[in-house]
Amino acid sequence: MTQQFINRIELVGRVGQDPATHYFESGAMKTTLTLAVKPPYKSDLPMWWDLELWGNIAQVATDWVRKGSTIGVAGELKFDVWVDKNSGLPRSKPVIRVSELELISSSKRGEEPNASSHAPQASIANANF
Numbered sequence: 001m002t003q004q005f006i007n008r009i010e011l012v013g014r015v016g017q018d019p020a021t022h023y024f025e026s027g028a029m030k031t032t033l034t035l036a037v038k039p040p041y042k043s044d045l046p047m048w049w050d051l052e053l054w055g056n057i058a059q060v061a062t063d064w065v066r067k068g069s070t071i072g073v074a075g076e077l078k079f080d081v082w083v084d085k086n087s088g089l090p091r092s093k094p095v096i097r098v099s100e101l102e103l104i105s106s107s108k109r110g111e112e113p114n115a116s117s118h119a120p121q122a123s124i125a126n127a128n129f
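So the sequence shown is numbered by UniProt numbering: it starts at 1 and just counts up by one.
Check before you lean on any hint, since a few could be wrong.
Capping the alpha-carbon separation at 27 Å, the derived lysine-lysine pairs in DSS-like fashion look like this [said to hold, decoys possible]: (1) K38 - K67; (2) K67 - K93; (3) K30 - K93; (4) K30 - K78; (5) K30 - K42; (6) K67 - K78; (7) K67 - K30; (8) K38 - K85; (9) K85 - K67; (10) K93 - K42; (11) K93 - K38; (12) K42 - K85.
Across the chosen pairs, the derived CB separations fall in these ranges [to be verified]: (13) K67 - D44: 30 to 40 Å; (14) V12 - D44: 10 to 20 Å; (15) K67 - Q3: 38 to 48 Å; (16) E10 - G55: 15 to 25 Å; (17) E100 - G16: 11 to 21 Å; (18) E25 - Q4: 13 to 23 Å; (19) F24 - V81: 15 to 25 Å; (20) E100 - A20: 26 to 36 Å.
Since the hints were derived computationally from the structure, they do not count as laboratory data.
Backbone N, C-alpha and C fix where the C-beta goes; we use that ideal spot for every residue, glycine too.
Can you build the whole structure from these sequences, using the hints too?
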């Protein structure tokens, strides 16, 4: 019997800040942002998630996603681990490595949110890493 493991998370929410994009000497591109997801139960506090996007999907996020945009993402849950510089203690935080991005409401960077040209209602799937 073959065991199969699944690490997949799907979220829909609003972006907390404009994407931060980093370019590497290798030509790779990484975009990070946060996503606020309102829980299904009665609560005024959203759950905040850190997102990490690479390659083509990072470029789409850089061009089309802005603070306040509503997006849907799917990807895998991973943990960034480091040693705290001040205390010397190990630290970690959950991060979603996005492999699929759906632009639900967004505008191309530099355009007004209610501009006539909006992103297509399409999914970008199976990003190349």
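We went through each hint and held it up to the structure:
For the proposed pair K38 and K67, the alpha carbon gap of about 16 Å is at most 27 Å, so the pair holds. For a cut-off of 27 Å, the pair hint linking K67 to K93 stands: about 22 Å separates their Cα positions. Straight-line distance between C-alpha atoms of K30 and K93 comes to about 18 Å, which keeps the hinted pair within the 27 Å bound. Under the criterion of a C-alpha separation no larger than 27 Å, the hint pairing K30 with K78 is consistent with the structure, at around 16 Å.
Distance restraint check for K30 and K42: the Cα-Cα separation of roughly 35 Å exceeds the 27 Å cut-off, and the hinted pair is therefore not satisfied. As the CA atoms of K67 and K78 are separated by approximately 24 Å, the hinted pair is consistent with the 27 Å bound. Simply put, K67 and K30 have alpha-carbon atoms about 17 Å apart, close enough for the 27 Å limit, and the pair holds. Taken as a hint, the K38 and K85 pair is broken in the structure, with Cα atoms around 33 Å apart against an allowance of 27 Å.
As the CA atoms of K85 and K67 are separated by approximately 30 Å, the hinted pair breaks the 27 Å bound. Only pairs whose Cα atoms come within 27 Å are accepted, and K93 paired with K42 is accepted, the gap being roughly 25 Å. Of the pairs offered as hints, the one joining K93 and K38 holds, with about 20 Å between alpha carbons and a cut-off of 27 Å not exceeded. Taking the CA atoms of K42 and K85, the gap is about 38 Å. The hint is violated against a cut of 27 Å.
At roughly 20 Å, the beta-carbon separation of K67 and D44 lies outside the given 30 to 40 Å, and the hint is violated. Between V12 and D44 the beta carbon distance is about 18 Å. The supplied range of 10 to 20 Å therefore holds. Checked against the hint of 38 to 48 Å, the C-beta distance between K67 and Q3 comes to roughly 42 Å, which is consistent with it. The given range of 15 to 25 Å is respected by E10 and G55, whose C-beta atoms sit roughly 20 Å from each other.
For the pair E100 and G16, the supplied restraint of 11 to 21 Å holds, since their beta-carbon distance comes to about 20 Å. For E25 paired with Q4, a C-beta distance near 37 Å fails the hint of 13 to 23 Å. Our hint of 15 to 25 Å for F24 and V81 holds, since their Cβ atoms are close to 20 Å apart. For the hinted restraint 26 to 36 Å between E100 and A20, the CB-CB distance of approximately 20 Å leaves it violated.
Of the hints listed earlier, those the structure fails to meet are numbers 5, 8, 9, 12, 13, 18 and 20, in rising order.
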